[in-house]
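> Generate the whole structure from the sequences, applying the supplied hints.
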Amino acid sequence: MEYLYPGGLAKAITFSYDDGQVYDRRLIEIFNQAGFKGTFHLNSGNLDKDGYVQKAELPTLYAEHEIACHGVTHRHPRQMNQTEWLREVWQDRLTLEELTGGIVQGMSYAFGEYYPEQVEALCAMGIQYSRTVESTGSFALPQELLRWKPTCHHNDKLLERAEKFLHVPGYEKMPLFYIWGHSFEFERENTWPLMEQLAEKLHGAQDIWYATNGQIADYLTALRSTRESADGKRLYNPSAQPIWFVADGKVRVAEPGKLCEI
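Numbers in this note's numbering are just positions in the sequence shown, counted from 1, shifted up by 19.
It cannot be assumed that every hint is accurate.
[Unchecked claim] In silico BS3-like cross-links for lysine-lysine, where the CA-CA straight-line distance does not exceed 30 Å:
#1 Lys192 <-> Lys220
#2 Lys176 <-> Lys192
#3 Lys277 <-> Lys252
#4 Lys168 <-> Lys183
#5 Lys269 <-> Lys252
#6 Lys269 <-> Lys220
[Unchecked claim] Label-pair distances were calculated between CB atoms; the ranges are:
#7 Leu113 <-> Glu139: 35 to 45 Å
#8 Ala140 <-> His186: 34 to 44 Å
#9 Trp211 <-> Gln101: 39 to 49 Å
#10 Pro257 <-> Glu179: 33 to 43 Å
#11 Glu132 <-> Pro25: 48 to 58 Å
#12 Gly70 <-> Phe130: 17 to 27 Å
#13 Gly131 <-> Gly70: 18 to 28 Å
#14 Glu280 <-> Thr210: 42 to 52 Å
#15 Pro257 <-> Ala159: 17 to 27 Å
#16 Thr102 <-> Asp250: 27 to 37 Å
Keep in mind the hints are simulated off the structure, nothing from the lab.
A virtual CB, placed ideally from N, CA and C, is assigned to each residue, including glycine.
Here is the structure:
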């Protein structure tokens with residue numbers, strides 16, 4: 020038995036973009052046309068400022084994507100005590116939820132920095148995952164969702180990696196292509212064609228799940244909660260979402276709260 024992504028898909032791709040500057044608008048236009056799904060990590064204290072997206076547009080601009088925390092004002096985690104850290108994350112989450120009417124469950128570390136005790140505090144604040152900037156260069160699934168290491172920054176051999184992702188060998192199970200960056204970098208470096216070329220290359224691939232960071236985190240959490248019988252013949256899915264797998268060459272689904280034969 021081998022697990023699959025929702026819909027019986029073999030691969031997944033996700034995007035993670037920080038800071039919420041106005042260039043998110045153009046990036047989201049590219050994403051929407053290609054069917055990509057991204058997570059946008061916002062500093063709620065910077066919204067409405069010159070060069071940043073407006074509070075009023077959050078529900079519509081990011082409607083097809085996920086909004087996540089990045090700290091109220093993008094303060095450096097290593098320059099805060101624990102009380103300040105708690106306030107920086109909690110207030111950011113609270114404000115973003117008030118503005119969107121949703122639930123914010125993810126974040127990324129400002130400057131990619133953090134202390135172990137800061138990571139430990141995230142669960143108590145309702146944060147289920149958080150992205151680092153420690154790129155792996157691989158398509159491996161995350162070992163720790165609160166220290167989620169991406170595949171690469173978009174400036175790091177993006178198209179070359181995309182080609183490799185499309186032809187990843189079959190022995191690599193559930194490959195995940197996780198790309199991160201800042202939308203203002205495309206404008207500053209005049210590299211918008213890079214993302215447009217990626218969209219053209221990956222758009223419409225039939226074996227790829229296009230998902231937000233949160234959707235992938237939720238699915239992996241559910242997948243990792245399954246229980247298998249000692250003889251490997253039965254699988255119990257205690258989660259609230261279907262879990263896809265392949266056994267004996269057949270794609271199957273472990274329904275929520277159900278025991279199934281493998």
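> All hints are to be evaluated individually against the structure, with a verdict given for each.
Evaluation of the provided hints:
1. Lys192 <-> Lys220: The hint holds at about 22 Å.
2. Lys176 <-> Lys192: 22 Å, holds
3. Lys277 <-> Lys252: Answer holds: Lys277 to Lys252 is near 14 Å, not above 30 Å.
4. Lys168 <-> Lys183: Between Lys168 and Lys183 the Cα gap is close to 19 Å, so the pair holds against 30 Å.
5. Lys269 <-> Lys252: 15 Å, holds
6. Lys269 <-> Lys220: 29 Å, holds
7. Leu113 <-> Glu139: 35 to 45 Å: 20 Å, violated
8. Ala140 <-> His186: 34 to 44 Å: 41 Å, holds
9. Trp211 <-> Gln101: 39 to 49 Å: At roughly 40 Å between Cβ atoms, Gln101 and Trp211 fall inside 39 to 49 Å, so the hint holds.
10. Pro257 <-> Glu179: 33 to 43 Å: 40 Å, holds
11. Glu132 <-> Pro25: 48 to 58 Å: Given range 48 to 58 Å: violated, Cβ gap about 33 Å.
12. Gly70 <-> Phe130: 17 to 27 Å: 19 Å, holds
13. Gly131 <-> Gly70: 18 to 28 Å: 22 Å, holds
14. Glu280 <-> Thr210: 42 to 52 Å: 51 Å, holds
15. Pro257 <-> Ala159: 17 to 27 Å: 25 Å, holds
16. Thr102 <-> Asp250: 27 to 37 Å: 52 Å, violated
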